[in-house]
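J.: Heads up: the sequence shown runs through residues 1202 to 1582, numbered per the numbering used here.
Zero decoy hints are in this set.
Calculated cross-link-like contacts (lysine-lysine; reagent style DSS-like; alpha-carbon spacing at most 27 Å):
(1) LYS1361 with LYS1320
(2) LYS1381 with LYS1418
(3) LYS1391 with LYS1450
(4) LYS1203 with LYS1577
(5) LYS1266 with LYS1361
(6) LYS1251 with LYS1350
(7) LYS1350 with LYS1361
(8) LYS1350 with LYS1381
(9) LYS1381 with LYS1251
(10) LYS1266 with LYS1320
(11) LYS1577 with LYS1266
(12) LYS1350 with LYS1266
(13) LYS1577 with LYS1515
(14) LYS1320 with LYS1577
(15) LYS1266 with LYS1515
(16) LYS1418 with LYS1450
(17) LYS1515 with LYS1361
(18) LYS1450 with LYS1400
(19) LYS1203 with LYS1320
(20) LYS1577 with LYS1361
Bear in mind the hints are in silico, worked out from the structure with no lab data behind them.
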Amino acid sequence: MKADNCIALLQQMVAIPSESQNEQAFAEFLANYLREELSMETQLQHVDGKSYNVIGRWNSSTHGKKLILGGHIDTVPPTPRWETNPYQLCTRGDELHGLGAADMKGGLAAQLTVLRRFKEENASFDADIEFVGLSDEERHSIGAHAYVKLMQQQNALRNKNFFLMGEPHFDNIVIGATGKALLSLHIQGKDGHASTPEKGINAIDCMARFLTAVQEKYMPLYANGVCASYCCLEIESDYAGYSLTIPSKCSALMNKQLFPTESIDSFIDDLQRIYAERVCVGNLTICREIPSYPAYQLSPEQSDVQRLTSLLRKQFGHAPELRINQSVSDGNILYNELRIPTVLFGPHGVAFHTECEYVKISSLSQYMDELYAFIKQEYTR
1202 MKADNCIALL QQMVAIPSES QNEQAFAEFL ANYLREELSM ETQLQHVDGK
1252 SYNVIGRWNS STHGKKLILG GHIDTVPPTP RWETNPYQLC TRGDELHGLG
1302 AADMKGGLAA QLTVLRRFKE ENASFDADIE FVGLSDEERH SIGAHAYVKL
1352 MQQQNALRNK NFFLMGEPHF DNIVIGATGK ALLSLHIQGK DGHASTPEKG
1402 INAIDCMARF LTAVQEKYMP LYANGVCASY CCLEIESDYA GYSLTIPSKC
1452 SALMNKQLFP TESIDSFIDD LQRIYAERVC VGNLTICREI PSYPAYQLSP
1502 EQSDVQRLTS LLRKQFGHAP ELRINQSVSD GNILYNELRI PTVLFGPHGV
1552 AFHTECEYVK ISSLSQYMDE LYAFIKQEYT R
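Work the whole structure out from these sequences, hints included.
T.: Laid out in structure tokens, this is it:
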């Protein structure tokens, strides 16, 4: 498929700011497109403040299966390093630059262009076709959680669901992802005069020894692929300006990615054990914070995955690697909460979340050809 119509649509999309918690205008644009251009039954779901989900459906006469397309409609904020207008699509050879062009408005535009072709052909489907735009994925995924509640309330699940998110993964198809937990760590020491530090318990010293011990154990495990990564994001103490007082409190924020085989409860228990063995003084309290995502993993033999990869290989000579992503997405929530098999597969995006973000034009054309062929083979009469 030629990319012209897709590029024109993407140009309109990029021009609409849709940073997390400010997706209303873009959701309304998509709802109008689904209603006017695709004649879909359309719903705007208010999530919170200016965050909205958008849902469009073609309902078939049979209700045995459903294909869901779409993904998140929010972007990260533009960095000050953009040298061009981030809301104006810019062409440079085979590259389309703009905020969200890769992550993931390019994928949304490509999927909608394919659906429009089916509409123009008056295609007849033997499955429900749904397009879902979810808010806030770049932050706390409140849109995905709201969609889960809506589907549960409407009892809208089918026996055979498949969600194909148009995230920027073209040379690989994501069939799972690590989970993620955010932990706040609080150490209570004992104050005293800093000229006699031995009479108190310096919470900063305790935190330093503790984090060093955690690094000594977990960095080799991560390097050898035994566990997913962790990262300390922030450290602060109760020091309130110059005072010769031993800091009695120190807090840190830690992110832990989780393989499907890892348990956050087991990780927390191990942190407590490390503290008891290596620090020995003071008291460590660990709290789970928001956001939190469970891991998920589809089998490479899962039927939808097999049909998709078989078609790509046989018809297009395209053999993307099946991989487990090191970062979370709304797929983690949809699979664990609704048991919808979810894969991430979209046009080739580069440098997302940076001022150099772009999607490759050639991949838009090939992706649309591949998606059209997959839907035609698997979901039309």
